[in-house]
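Visitor: Chain by chain, the residues run as shown.
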Amino acid sequence: MTAIGQAFDRVDGAIKTTGAAKFSADQTYPGLAHAALTHASTARGRITEIDTTDATRVPGVLAVITHHNAPKMKMPSVGLMPPVFGTTVVCLNTDEVHWDGQPVAVVVAETQEAARAAAARVRVSCSPLPSAVDFSTAEAKPQKNSMLQAGSARKGDALAALESAPVAVDREFTTPPHNHNAIEPHTTTAVWDGDRLTVHEPTQNIGGVRRTLSAAFGVPIDKIRVVSEHVGGGFGGKGLVWPGTILAVLAARVTGRPVRLVLTREGVYRTVGGRTPSVQRVAIGADREGRMTSLVHTSVTRVGRTGGGPEGVTIQSSHLYDARNILLRQNIAEVDLLANTFMRAPGEAIGTFALESTVDELAHELHMDPIDLRMRNEPTRDPIGDKPFTRRNLRAAYELGAKEFGWEQRTPQPRSMRDGQWLIGWGVATAFHPPVHLVANASLRFSTDGTALLRCGFHEMGMGAATAQAQITADALGIPFEAVRVEHGDSSLPAGPMAGGSNQTGSVAAAVHTLAPKLRRALGGEISVEALARKRKPYVEVSIGADSPLGRATGQARLMSKFLRDRRKGVRAVTGAQFCEVRVDADTGEIRVSRWVGAFDCGTVINPKTAASQLRGGIVLGIGAALSEETLVDPRTGRIMNPSLAEYHLPVHADVPEIDVHWLDEPDPTMPAGLLGVGEVGVTGAAAAVANAVFHATGKRVRDLPITLDKVV
Amino acid sequence: MRTFSYVRADDVDAALRAITDEPNAKFLGGGTNLVDLMREDIERPDTVVDITRLPLAEVEELPDGGVRIGALLRNSHLAAHPVIRSRYPMVAQAVLSGASGQLRNMATVGGNLMQRTRCLYFYDDAAACNKREPGSGCAAIGGFSRSHAVLGASASCAATHPSDLCVALAALDAIVELRSSRGTRRVPLVDFHRMPGDTPEIETVLADDELITAVELPPPPSGVSRYRKVRDRASYAFALVSVAAALDVQDGVVSSIRLALGGVGTKPWRAYQAERALLGAPATEESFRAAARAELADAVSLPHNEFKIRLAESTIVAVLRGMS
Ligand SMILES: Cc1cc2nc3c(=O)[nH]c(=O)nc-3n(C[C@H](O)[C@H](O)[C@H](O)COP(=O)(O)OP(=O)(O)OC[C@H]3O[C@@H](n4cnc5c(N)ncnc54)[C@H](O)[C@@H]3O)c2cc1C
Ligand code: SF4
Numbered sequence: 061m062t063a064i065g066q067a068f069d070r071v072d073g074a075i076k077t078t079g080a081a082k083f084s085a086d087q088t089y090p091g092l093a094h095a096a097l098t099h100a101s102t103a104r105g106r107i108t109e110i111d112t113t114d115a116t117r118v119p120g121v122l123a124v125i126t127h128h129n130a131p132k133m134k135m136p137s138v139g140l141m142p143p144v145f146g147t148t149v150v151c152l153n154t155d156e157v158h159w160d161g162q163p164v165a166v167v168v169a170e171t172q173e174a175a176r177a178a179a180a181r182v183r184v185s186c187s188p189l190p191s192a193v194d195f196s197t198a199e200a201k202p203q204k205n206s207m208l209q210a211g212s213a214r215k216g217d218a219l220a221a222l223e224s225a226p227v228a229v230d231r232e233f234t235t236p237p238h239n240h241n242a243i244e245p246h247t248t249t250a251v252w253d254g255d256r257l258t259v260h261e262p263t264q265n266i267g268g269v270r271r272t273l274s275a276a277f278g279v280p281i282d283k284i285r286v287v288s289e290h291v292g293g294g295f296g297g298k299g300l301v302w303p304g305t306i307l308a309v310l311a312a313r314v315t316g317r318p319v320r321l322v323l324t325r326e327g328v329y330r331t332v333g334g335r336t337p338s339v340q341r342v343a344i345g346a347d348r349e350g351r352m353t354s355l356v357h358t359s360v361t362r363v364g365r366t367g368g369g370p371e372g373v374t375i376q377s378s379h380l381y382d383a384r385n386i387l388l389r390q391n392i393a394e395v396d397l398l399a400n401t402f403m404r405a406p407g408e409a410i411g412t413f414a415l416e417s418t419v420d421e422l423a424h425e426l427h428m429d430p431i432d433l434r435m436r437n438e439p440t441r442d443p444i445g446d447k448p449f450t451r452r453n454l455r456a457a458y459e460l461g462a463k464e465f466g467w468e469q470r471t472p473q474p475r476s477m478r479d480g481q482w483l484i485g486w487g488v489a490t491a492f493h494p495p496v497h498l499v500a501n502a503s504l505r506f507s508t509d510g511t512a513l514l515r516c517g518f519h520e521m522g523m524g525a526a527t528a529q530a531q532i533t534a535d536a537l538g539i540p541f542e543a544v545r546v547e548h549g550d551s552s553l554p555a556g557p558m559a560g561g562s563n564q565t566g567s568v569a570a571a572v573h574t575l576a577p578k579l580r581r582a583l584g585g586e587i588s589v590e591a592l593a594r595k596r597k598p599y600v601e602v603s604i605g606a607d608s609p610l611g612r613a614t615g616q617a618r619l620m621s622k623f624l625r626d627r628r629k630g631v632r633a634v635t636g637a638q639f640c641e642v643r644v645d646a647d648t649g650e651i652r653v654s655r656w657v658g659a660f661d662c663g664t665v666i667n668p669k670t671a672a673s674q675l676r677g678g679i680v681l682g683i684g685a686a687l688s689e690e691t692l693v694d695p696r697t698g699r700i701m702n703p704s705l706a707e708y709h710l711p712v713h714a715d716v717p718e719i720d721v722h723w724l725d726e727p728d729p730t731m732p733a734g735l736l737g738v739g740e741v742g743v744t745g746a747a748a749a750v751a752n753a754v755f756h757a758t759g760k761r762v763r764d765l766p767i768t769l770d771k772v773v
Numbered sequence: 002m003r004t005f006s007y008v009r010a011d012d013v014d015a016a017l018r019a020i021t022d023e024p025n026a027k028f029l030g031g032g033t034n035l036v037d038l039m040r041e042d043i044e045r046p047d048t049v050v051d052i053t054r055l056p057l058a059e060v061e062e063l064p065d066g067g068v069r070i071g072a073l074l075r076n077s078h079l080a081a082h083p084v085i086r087s088r089y090p091m092v093a094q095a096v097l098s099g100a101s102g103q104l105r106n107m108a109t110v111g112g113n114l115m116q117r118t119r120c121l122y123f124y125d126d127a128a129a130c131n132k133r134e135p136g137s138g139c140a141a142i143g144g145f146s147r148s149h150a151v152l153g154a155s156a157s158c159a160a161t162h163p164s165d166l167c168v169a170l171a172a173l174d175a176i177v178e179l180r181s182s183r184g185t186r187r188v189p190l191v192d193f194h195r196m197p198g199d200t201p202e203i204e205t206v207l208a209d210d211e212l213i214t215a216v217e218l219p220p221p222p223s224g225v226s227r228y229r230k231v232r233d234r235a236s237y238a239f240a241l242v243s244v245a246a247a248l249d250v251q252d253g254v255v256s257s258i259r260l261a262l263g264g265v266g267t268k269p270w271r272a273y274q275a276e277r278a279l280l281g282a283p284a285t286e287e288s289f290r291a292a293a294r295a296e297l298a299d300a301v302s303l304p305h306n307e308f309k310i311r312l313a314e315s316t317i318v319a320v321l322r323g324m325s
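From first to last, the protein sequence lines are chains A and B. Sequential numbering of the first sequence, starting at 61, is according to the numbering used here. Sequential numbering of the second sequence, starting at 2, is according to the numbering used here.
The reader is advised that the hints may include incorrect statements.
Where chain B lies over chain A, by a calculated footprint (3+ residues, C-beta under 8 Å) [as the list claims (entries may be wrong)]:
| id | segment |
| --- | --- |
| 1 | 173-180 |
| 2 | 709-718 |
Going by beta-carbon spacing under 8 Å, a handful of chain B positions derived as facing chain A [stated by the list, open to error]:
| id | residue |
| --- | --- |
| 3 | 5 |
| 4 | 7 |
| 5 | 46 |
| 6 | 47 |
| 7 | 48 |
| 8 | 127 |
| 9 | 145 |
| 10 | 238 |
| 11 | 312 |
| 12 | 319 |
Keep in mind that the hints were calculated from the coordinates and are not lab data. C-beta atoms are modelled at their ideal positions from N, C-alpha and C, and glycine is treated no differently.
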């Protein structure tokens, strides 16, 4: 029996449930000191005075570091791939404040309580500089095309086709900013030993942390060890290096003590980017049979003036429908706010909301079933560029989902399904996410006890990454799952890929699939204890990639070329069908999601248990985006006003129904083991499915997220 | 958080002595609000007087058919108490609709009455707020005002009182018992919280040296009762609108009505005008709507809370319809 496809429990399950797993904030060192940040509360300005007298007097305080006394640091060069740091601002090396919340002092003390008390006592005066903090009035400019992301794309003349279309819908949507709320806040424990540095840090990008710290503190990369064995949730928020990490290392350097900095929840909001808000236009023209003649999708998102990247909001719109004419354009507004960053399915998470809501509106206009309409426009090759899909069976995903959900029982008329007080609505939308494929260094060892050891510095954020790799390795070597051990999350291991873009499982699997035959050859053609005994060695190990300047440069080149080569060859994506039922209170407009079925075409499923959790987790985030999540940025000041779990409304248990997920389990022929990453696709289409269900329940179309009750009563 | 001293009182007299003798002292109940606010540097007591050991955590049945609830009773225990559940179900429903299980296990009845607003600007010491810093202005006006009051607001402050329990207590004519070294007094709950006026920093009639010792409920009103909370997610959110109602209908006519509102007023809002409109009126949707409108006639909204006026009306109507 193969290990792939079996629902093994996570290998880290027991230590997580018993509390034995050590996270970064659990690392103790003799003489450990604690740090806390003081944040600016002006959008843009210049620090005129920073008074540390009261802070210094707090008992237990070791140092108060500000731009007056901080050693000079430097950021690495911009343009690295993958990107490594969140903001270009070198905090505490400048008297300029670029966003409300920017750290302007770090306090080090004997206890965390003393550090935080003192940090609250640092008094900062600023003289304001002109700033733009209101996204709704900020000036937007067209996004330039880059190697990584197209800012625009077109086929034919979509605007003219829209004008002449027999049926057309043309709509505007808005989505609010979202913040990261991983259960584990960002935490750094930094220990200097001469010019050697060890950092315990929950990250999705060990290489990025190393590179940033190397540049910031002028020490060679090889002297920096980053340990990140367990990460308490990432979602993209731990993909880049944010100021807290650098300042914790700085604090350790200045005080000569091991230092731990645990961001407060508010600290995460003020110093770690989130998802950009968006304004989107989607227009679709079609003939009376529902064949799309024109598809227009444009967007405006924001970046910080000191960091953040464009969000690929229109990407799915170039792949989902076989429209004869297509126009996509992304625009960017620069604001004086904290840089935006990745959050689970950046682009598609909010792009599918607008696109898939509009498709539903078109179906309504055409008196057509929304699934029928989609299938009438299902492409056989990629609509723009005419490339092949590496695989695509969205049709089967819809059939499966519709059957599981009981879609044919739906009566199409809005407000036509009711259960007493509740208006019932059923909605559907397409999920779409293109996982990227990167490269990984790794080593694989076979020992006399018959066990294998895979070593790769990939990232385990709780999704079961190590478990999946043990399954892949077991099958590649033809040994039992239990005989595989996996080491990960440490820069002293061969460098793994950044965990982002749903690449990690596939990228590491590719390395395993390169190493397994190599190991077999090294053992004389067969993987067995006997073969190893003939070699008279305790173990045989093979590896790919080298952790040297040359090795890293080669790795970087391999990564870029693979990324581009991959994209030229064809379009590889996970697709899916999201079905949901909502109940809307007829008097108050309260909306509850009561049922969910997701059916995905996502390649080979390595582990049904962990894959289902990833898909469900994504859907929960989609429910949050649909109904409640919103970062409140005061447009007068640029200050986030709800930096807490009490006021930033994530879905709670009572908001989440049982989520039923299914998949086709058909391999992708271009991927190792046929697998496709499923970390992000779950969130895509989810908000649209809810919005479409709300329309079906109430007859009210809400195009501005979140869909709070005041928008439907 | 700042450094402070901690004193534990084992009896009421010791608590009253401590609050009088120690400068700038505050009582500590469950700490679920006070400690949060101390962490945010908004409450800055020099001394915290722990009163959780005071023998004031009972529910006593009174000869007149009412009950006396000790001020240190935990919210969870209050909601689970058989007498409360059977005779004052509205109280149990209100408590259980608030906060989370963990918070309710800690929170006390007295602390619940005294909890402070959740206005986002009150919580942020970088913002102007007349309640936190008298005279500094009100950043909520022109800012995020979704949670704010449409009834009872002044030009200085429009913050809501966030308690669910207090809304039920307002409907039930609860009496708050207060003690100080000067003696004991009894204040109706509806007079316990103050309107903001020009002094939003003064939220209740409680004097600095007074302790809430009990809340008394008169015998329950006749008919059926209910607490209904409308909020932004299914649990763990403050009310946008809540309604506490007790209704009795005889021969199709409203013979007894108690109505109080949460989430819309600057204090737990007893809807006297609606009650007046309803008493003796036919128990119909039209009467309920007319009564709701009478209560909300003076409502004034800010840019983000206008929906509460409609929502309050429809929730009142839905609750009364469901009970009649
Ligand atoms: C995340 C969160 C969500 C919440 N959601 C809700 C909700 O949905 N609905 C709701 O109603 N509440 C909610 N709450 C508030 C909660 O109900 C209150 O925090 C709690 O009731 C306060 O009680 P306590 O005993 O912990 O008060 P403490 O924090 O101990 O004290 C609060 C204040 O009361 C004073 N005090 C306490 N006891 C006495 C006394 N006997 N006499 C005089 N003064 C006294 C204290 O000095 C202090 O000023 C929420 C709280 C949190 C943190
Ligand atoms: S509404 Fe009241 S509590 Fe809120 S900022 Fe204004 S004065 Fe302060």
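Visitor: With 8 Å as the cut and Cβ atoms as the points, is residue 238 of chain B at the interface with chain A?
Guide: At 6 Å from the nearest chain A Cβ, residue 238 of chain B passes the 8 Å test, so the hint holds.
Visitor: Classify the hint on residue 319 of chain B as holds or violated, based on whether any CB of chain A lies nearer than 8 Å to its CB.
Guide: holds, 4 Å
Visitor: Regarding the hint that residue 46 of chain B lies at the interface with chain A, is the smallest CB-CB distance below 8 Å?
Guide: With a closest approach of 15 Å, the residue 46 of chain B hint is violated.
Visitor: Was the hint right that residue 7 of chain B lines chain A, CB cutoff 8 Å?
Guide: violated, 14 Å
Visitor: Please check whether residue 5 of chain B passes as an interface residue: C-beta within 8 Å of a C-beta belonging to chain A.
Guide: Since the shortest Cβ distance to chain A is 11 Å, the answer is violated.
Visitor: Count residues of the segment 709-718 of chain A with a Cβ under 8 Å from any Cβ of chain B, then say if the count reaches three.
Guide: That given contact holds, which follows from 6 residues of the segment 709-718 of chain A lying within Cβ reach (below 8 Å) of chain B.
Visitor: Tell me if the interface restraint on residue 312 of chain B is satisfied: Cβ within less than 8 Å of some Cβ in chain A.
Guide: holds, 6 Å
Visitor: Could you check if residue 47 of chain B really has its C-beta closer than 8 Å to a C-beta on chain A?
Guide: violated, 14 Å
Visitor: Would the stated hint for residue 145 of chain B survive a check requiring a Cβ distance to chain A of less than 8 Å?
Guide: holds, 5 Å
Visitor: Can the segment 173-180 of chain A be counted as covered by chain B under the rule of three residues or more with Cβ-Cβ separation shorter than 8 Å?
Guide: holds (count 4)
Visitor: Under 8 Å is the threshold here; is the Cβ of residue 48 of chain B close enough to any Cβ of chain A for the hint to stand?
Guide: violated, 17 Å
Visitor: Restraint: residue 127 of chain B near chain A, CB-CB cut 8 Å. Satisfied or not?
Guide: With a minimum Cβ separation of about 4 Å from chain A (threshold 8 Å), the hint on residue 127 of chain B holds.
Going down the numbered hints, you'll see the structure goes against 3, 4, 5, 6, 7, while the others check out.
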